[in-house]
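These protein sequence lines are chains A and B, in that order. First residue of the first sequence: 1, per the working numbering; consecutive thereafter. First residue of the second sequence: 1, per the working numbering; consecutive thereafter.
It is possible that part of the hints are untrue.
[Said to hold, decoys possible] Here are some of the chain A residues that sit facing chain B, going by a computed Cβ distance under 10 Å:
#  : residue
1  : G152
2  : K153
3  : L154
4  : R199
5  : G206
6  : G208
7  : F209
8  : T215
9  : F217
10 : T218
11 : S222
12 : R244
[Unchecked claim] Which residues of chain A face chain B? A partial, calculated answer using Cβ under 8 Å:
#  : residue
13 : N123
14 : Y124
15 : R125
16 : V147
17 : L149
18 : W151
19 : R192
20 : T193
21 : Q196
22 : L200
23 : F204
24 : L205
25 : A210
26 : F216
The set of hints was computed from the structure by calculation and includes no laboratory data. A quick note: this is a predicted structure, and the numbers were derived from the prediction, not measured. Positions of the beta carbon are idealized from the N, C-alpha and C atoms, including for glycine.
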Amino acid sequence: MNELSLPLTIVPSYLGGRHPLLKVLVGAGLLAVFLLIPDRTPAVVAGKGVIIVLLWLGTGGFSRLEGCFRVLLFLFSFLGIIFIFTLLGDAVSGTAGMALFRRLAIKSIWAATISFLIAGAINYRECIYLSRILKIPSPISSQMLLVILIWGKLFEEFRHVPAAWKSRGLSSRYLKRHPELIARLLKMVLLRTVRQASRLELSFLGRGFAGKLYTFFTASWSTLDSLTLIGTAALLLELGVIARTGC
Amino acid sequence: MNADYELIVTDLNFKYPNGLTALSGVNFRLSRGEKVAIIGPNGAGKSTLLLALSGLLRKKGLSGTIERGEEREEQAARIGFLFQNPDDQIIGASVEDDVGFILLREGVAPARARLLVAEALEQVRLGGYQSRSPSEMSFGEKKRMSLAGLLVGKPDLIFLDEPALGLDPREIGQLLKILKEMPQTMLLASMDFNLVLELADRVLLLDRGRIVSLGSPADILSDRVLMEKHGLL
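This is chain B alone, in the form it adopts within the complex (with noise of 0.2 Å):
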């Protein structure tokens, strides 16, 4: 595989047990440190092409090839992947037993644990808030404390699933900031043009499991015609 690239997909496509096609004949490639925002109307397959990117879709029913950059022992320490509503991704009963999960699971000693915790959320504008339980944080919050649930693990690819949805425009903007601060190569899948705008390097428009269109944000989101035709104007 090409070093230059994170992500090689070919020819991917995936139906569901009912025979519905989610995915179809989907290819590109992902560079490193490159950011991907993956746009299209509801049910166009955005989560769906994030899930089985990222080794967590199962494997019946999904056939094509995903090439990753260069192999590590543990896949799961190299790819995050922020799940749109933070509730569904939450499983410590602390935030730092949350952020902390992964490097508990490598086996760093809770000391050195303790500080990259500290790290993350410090990274994700949320320093202090270790001892917090989780149920008592704001949606917004939440949403930061997965992302810094993500980046302790240090991951060379982060997939992100609406990571604006249910955020104020002070949230929005606070997450933009960390977002465009963070060095990974990313692909996200939003609904948020200005978000996409702001943040993406190349749009890649999806409908009906099928890559329409792949792009600059500019190119792409000026095109009126191309987003009235899926629904996106």
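Pulled out of the complex, with its shape left as it was, chain A reads as follows (with noise of 0.2 Å):
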């Protein structure tokens, strides 16, 4: 999200520009055929890396290749996991299990870097902006919207960790000698959060809220909204003819 702090951090973008219900049927729409097609030939998984490409480039480019890779590794060491629980498990084990392993890891691939590129596209105000033309019930938006902003709060107090760190001379040579210190340093940001959070729910209800966000954010949907749907559609269809055909 915009307004937080890394790795979802983003840049002015031409997607992020765009209408924000126009980012969420893209984001829809990548995930449901990315999902549903099976990346059974090369081509089919170089059609999936080139619209992912384009679609990196119009969230940012270059400015988010930091990002995107943190997330990717984030992704890749909880795969690790599940392959080495993949490789322990008697259910799982033989070919059939790792080819199920293996479809699952590349599905994830997919939806975690759609969803980061697609996510940091959207700001809160947008969000706040879909969540009424969406008319999403205000008990549920409003749930989320807080819990967005308490992930914000959860991001800083994550950012301030390696500086204190440091500041009491403790290098990741002397943390990885003692790990125990990384949990108490991991409970320490969580209740720092959770006084953060306690203090935003006081300054909701001094200013008397009643369970719904407001924004002045407004959008209306344009030409370039239209032709960047076309687009999509044309993507993603033409992802569909080389799954279809094989080539």
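Hints given; two lone chains; assemble the complex.
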């Protein structure tokens, strides 16, 4: 999200400047098609890769490279854990199990990359606006929006951790030798976030919050939005053709 | 309730769940338009007192009576609370959204709300900041923005928790000027004695949850024995 810390901080971009509804439609369309079309042939994988690169360029390009890298690194470490459990587990070991793992791993990478790129092109004000135009019931939308707000605070707290380590003379090598310290630091970050969250709650209450969030932001659908939607649909259709014909 | 008073506090007590007493037998009256500063050492109960009076403190553990001026339907609209740390207060993704929250909540038309937001921002010397993201602003600017967020609600009573904390001398000067111009009744907790001396009509010295002294800023701040006794000098 915009206004939040890395890795989700974004820069002005082509898709970032489009109508929020378009971003949701593009994101939903990409996710649906990428997850439904199997990655059987190299041509399909290459086609999906091209679309991801276009999406990446349209949502900030090189300035988001570091963020993309961090997200993928996180995902790979997560997949690494699943891989180890796949190897250790009786039920999914063997060729079929590994094939399932491969399929799940590729789909997870697609889904995480698309979600990360699209989420980084939608800012908090647009989320409030979207919840209004999509008529999402306020108890649900407010909960989601508040979670985003708290996540922002959590990111902020985490951003201060390296400086706090260094200020106490704790090097990463020292932390590797004393892993119990990491758990203690994480506890501190979470406690501080809870404290900040309760302050935010007071701030909301102090302003008469009654379960609804507001924004001045409004948007109108432009010709460029229609063209982007048509372009995305054409690309996804092309992907479908590649999957069907195999080339 | 006497119409001359904005706030009458009688025998206010507060205990934390762990049994620690934060406020004990607090009694005082706040006249309309009066600016009263609460001073006291760290842990004296200044912030707790402000939270209790603003209605933001949970009711459990709180006893005593707090009478306010003429009752309005929307209590939140007539009370403003400025937190020590503006990051605790900001709930909008842009200055405009944050400052205009109360107005949009009250159903004010967006065009009118925009005008009122612009006025409030002008009042705190942040004219033209509407589309900025709070994350791009300095600590002092965020503090003034939070103040603007209170002012748009046209509160009668404002609580300020350490308004000068974290500000440089120039920012304190700007803030002081803004606060002096405000006609509202004000209760502020502050350790900045210069600000207190310049702004407050009366000073309330709080220690260990009790009011130790209540009087004019010049009298209390110049009483070396009293100030030393309570760890303020």
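For each hint, the structure was consulted:
At about 9 Å, the closest approach between the beta carbon of G152(A) and any beta carbon in chain B falls short of 10 Å, and the interface hint on this residue holds. Restraint check, K153(A) versus chain B: the minimum CB separation of about 8 Å is within 10 Å; hint holds. Checking L154(A) against chain B: minimum C-beta separation of about 13 Å lies over 10 Å; hint violated. Restraint check, R199(A) versus chain B: the minimum CB separation of about 4 Å is within 10 Å; hint holds.
Given the 10 Å rule on beta carbons, the hint for G206(A) holds: about 5 Å separates it from the nearest Cβ of chain B. Because the closest C-beta pair between G208(A) and chain B is about 3 Å apart, less than 10 Å, the hint holds. The restraint placing F209(A) at the interface with chain B holds, with a minimum CB-CB distance near 7 Å, inside the 10 Å limit. Taking 10 Å as the C-beta contact cut-off toward chain B, the hint placing T215(A) at the interface holds, the least distance being around 5 Å.
For F217(A), the suggested interface contact is upheld, since its CB lies about 7 Å from the closest CB of chain B, less than 10 Å. For T218(A), the shortest C-beta to C-beta distance to chain B is roughly 8 Å, which falls under 10 Å, so the interface hint holds. Interface hint status for S222(A): violated, as the beta-carbon distance to the closest one in chain B is roughly 19 Å, over 10 Å. Taking 10 Å as the C-beta contact cut-off toward chain B, the hint placing R244(A) at the interface is violated, the least distance being around 43 Å.
Interface restraint check: N123(A) against chain B, minimum CB-CB distance 6 Å, threshold 8 Å, status holds. Interface hint at Y124(A): satisfied, since its Cβ lies 4 Å from the closest Cβ of chain B, which is below the 8 Å cut-off. Checking R125(A) against chain B: minimum C-beta separation of about 5 Å stays under 8 Å; hint holds. About 14 Å separates the beta-carbon of V147(A) from the nearest beta-carbon of chain B, more than 8 Å, and the hint is not met.
With a least beta-carbon distance of about 7 Å to chain B, the hint placing L149(A) at the interface is held under the 8 Å criterion. Violation of the interface hint for W151(A) is found here, the shortest Cβ-Cβ separation to chain B being roughly 13 Å, above the 8 Å cut-off. Checking R192(A) against chain B by beta carbon gives a least distance of about 12 Å; that is not within 8 Å, so the hint is violated. Look at T193(A): its Cβ only gets to about 12 Å from chain B, farther than 8 Å, so that hint breaks.
At its closest, the beta carbon of Q196(A) sits 6 Å from a beta carbon of chain B; the interface hint therefore holds under the 8 Å criterion. The interface hint given for L200(A) holds, since its Cβ lies 7 Å from the closest Cβ of chain B, which is under the 8 Å cut-off. A hinted interface residue such as F204(A) counts as satisfied when its beta carbon comes closer than 8 Å to some beta carbon of chain B; here the least separation is about 6 Å, so the hint holds. A cut of 8 Å between beta carbons decides the hint on L205(A): the least distance to chain B is about 6 Å, and the hint holds.
Here the hint on A210(A) is kept, as its CB sits about 7 Å from the closest CB of chain B, short of 8 Å. Taken as an interface hint, F216(A) checks out: its beta carbon lies about 5 Å from the nearest beta carbon of chain B, inside 8 Å.
Going through the hint list in order, the structure does not satisfy hints 3, 11, 12, 16, 18, 19 and 20.
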